[in-house]
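J.: Given these sequences and hints, build the entire structure.
Heads up: the sequence lines are chains W and R, in that order. Number 8 in UniProt numbering belongs to position 8 of the first sequence; there are no gaps in the numbering. Number 117 in UniProt numbering belongs to position 117 of the second sequence; there are no gaps in the numbering.
These aren't lab readings, by the way, just hints derived from the structure by calculation. Keep in mind that a hint or two might mislead.
[Said to hold, decoys possible] If we take Cβ atoms under 7 Å as the criterion, some of the chain R residues that face chain W in the derived model are: (1) A32; (2) I43; (3) M76; (4) A134; (5) R147.
From a predicted model like this one, the values you see are computed outputs, not experimental measurements. Cβ atoms here follow ideal geometry from the backbone N, Cα and C, with glycine treated the same way.
2 protein chains.
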Amino acid sequence: MEFRLIDRIRERTAQGRDDVRLGIGDDAALLAVPEGQELAVAIDTLVEGVHFPRDTAPADIGWKSLAVNLSDLAAMGATPAWALLALTLPKTSVESTQAFIDGFAEGFAQLAQPHRLALVGGDTTSGPLTISVAVHGFVPPGKALRRAGAKVGDVVLVTGTLGDAAAGLYLLQHASRVEAGDARREYLIERLNRPTPRLAAGVALRARANACQDISDGLLADLGHICAQSGVGAEIDSAWLPRSSALLGLFDETSARDFALSGGDDYELCFTVPAARVADVQADLARLGCGATRIGRIVEGEGVRVREPDGSWLEPGRRGWDHFAA
Amino acid sequence: MEFRLIDRIRERTAQGRDDVRLGIGDDAALLAVPEGQELAVAIDTLVEGVHFPRDTAPADIGWKSLAVNLSDLAAMGATPAWALLALTLPKTSVESTQAFIDGFAEGFAQLAQPHRLALVGGDTTSGPLTISVAVHGFVPPGKALRRAGAKVGDVVLVTGTLGDAAAGLYLLQHASRVEAGDARREYLIERLNRPTPRLAAGVALRARANACQDISDGLLADLGHICAQSGVGAEIDSAWLPRSSALLGLFDETSARDFALSGGDDYELCFTVPAARVADVQADLARLGCGATRIGRIVEGEGVRVREPDGSWLEPGRRGWDHFAA
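T.: Encoded structure:
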């Protein structure tokens with residue numbers, strides 16, 4: 001069973017990488033890191049009912065389990081190369097297992113293919129639905145983006161729009177709120193289920209950003225990590241937060257702001273650059289299709305403060321998602 | 001929570017590897033593969049109730065989750081370097097979570113330390129107890145041991161003794177069979193809970209074995225993989241199977257043979273070498289403390305056949321464990 005499942009994904013993903021000296025099928029894969037490159041590695045797990053709703057389509061689960069990991073590589077400015085997949089699946093009927101595998105493989109491969117990512121190892125086990133993916137990418141030595149490195153005076157920017165994924169989850173959990181089929185609703189749910197790791201943006205930011213992190217737990221929490229590791233504070237303006245028209249069309253300003261500040265799962269990049277570079281960076285990221293919006297600046301001190309349009313300071317109650325909070 | 005747990009393990013494992021350019025704490029780790037080495041990577045998952053009994057001690061779970069992965073590196077002849085850990089833990093009380101974490105970290109570190117293995121990344125999530133570990137090791141280009149490569153006439157050998165882990169599991173599942181405290185019982189359970197990856201043996205076999213695999217699913221299944229990938233068959237003699245005195249002391253010959261042939265979880269190495277090299281290899285592996293026993297030979301054809309002491313051919317009913325069998 002193990003080999004058929006993993007093979008199913010492998011045959012739909014990159015085959016022709018010459019840095020894969022021995023692929024799936026032995027006790028381990030044998031890989032060659034290109035000369036003069038460092039290896040960036042990360043692992044992330046998705047658990048059914050915690051990281052995605054129970055009735056999520058298998059193809060969306062396949063996509064997302066890879067996307068959240070590629071997002072970690074994007075945040076480092078690394079170029080993806082290889083992945084390992086550990087999939088734990090409940091025992092059900094052969095038909096439903098096969099349907100899950102087909103869908104999962106399709107979604108995983110749809111995201112893997114354009115990045116020439118090769119699946120080089122895997123393990124399938126039976127148990128409650130849990131997916132761990134480990135990803136490996138390349139980055140020139142000393143060029144990786146880091147959380148530490150933000151400097152006082154830096155401008156804080158984010159790619160894309162914020163809050164969409166959390167709003168999409170809210171709509172799934174409150175089905176009567178907006179009718180299924182509403183294009184704005186479907187857009188927000190798509191943003192939840194099919195996040196786009198900002199890989200090209202990460203590479204473009206390599207020589208330009210002082211600090212970078214992807215937004216998985218929510219802007220406040222993740223920008224908070226940049227601040228903590230850089231020994232600085234940040235002030236952001238809630239009026240500047242980029243929000244999609246879908247989000248603003250279906251939610252009032254307060255809800256939209258809360259989703260944008262504290263909602264997780266957007267997988268946009270939050271980064272800081274010296275003021276003199278902002279225009280160039282924005283032009284480059286606009287060319288890459290995701291855009292970048294300035295939302296605040298790095299200041300002395302610690303922690304993240306949010307200024308309201310009336311000039312008052314917001315004390316947000318939620319500090320982003322904590323999947324492991326007891 | 002995530003960082004405290006992973007930190008707990010990190011602080012007990014290797015810190016001073018200069019090939020770890022950036023460790024835990026950012027979106028990804030940054031690693032440097034030594035020049036002229038290939039990277040061997042593998043991932044394996046343990047699920048509570050499937051891969052270990054529900055009341056297994058946390059320290060044993062920590063040890064075993066690393067051991068089964070290091071065993072994959074051993075089977076390739078690779079030297080371990082780095083690991084990633086994805087741990088999914090049920091939400092329970094703070095005290096019992098902390099106790100689990102402490103124990104898990106201790107067991108993981110006990111095995112990691114002597115190999116100077118560094119934990120370079122991790123993710124902790126809440127859900128049913130599931131552990132995925134990805135390991136990375138180094139091997140000189142072209143020198144890795146493979147499953148494919150067994151040649152007709154090769155001698156088949158195994159390290160250590162076989163069947164202990166399966167017998168240990170049997171004793172846990174049939175508590176009245178042997179009294180707790182019996183030294184033989186405790187030995188077999190220790191073999192189940194604390195398998196020893198044969199890393200030094202794997203390195204020693206690098207230039208000598210034609211094919212190698214670790215025994216995770218049972219001798220018949222795993223030697224079957226060598227045969228399938230090498231396009232050969234194998235004949236083994238059941239009388240030659242190395243069995244521990246604990247196993248032979250507590251079980252009759254038929255049961256002991258069945259455990260040795262089909263029991264999983266031994267994590268010994270099964271390998272083939274040309275007949276001319278057998279004595280040298282056995283001397284070397286004896287020096288490394290695990291020993292190696294010849295159990296049969298590679299023949300033309302396909303599949304694994306087992307000869308009984310009376311000269312008849314056994315048709316084993318079980319083909320090793322299949323954790324994923326529907």
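J.: The structure should be examined with respect to each hint, and the outcome stated for every one.
T.: Evaluated hints:
no. : hint : in the structure
1   : A32  : holds, 6 Å
2   : I43  : holds, 4 Å
3   : M76  : holds, 5 Å
4   : A134 : holds, 4 Å
5   : R147 : holds, 5 Å
Consistency with the previously given hints is maintained throughout, with no hint failing.
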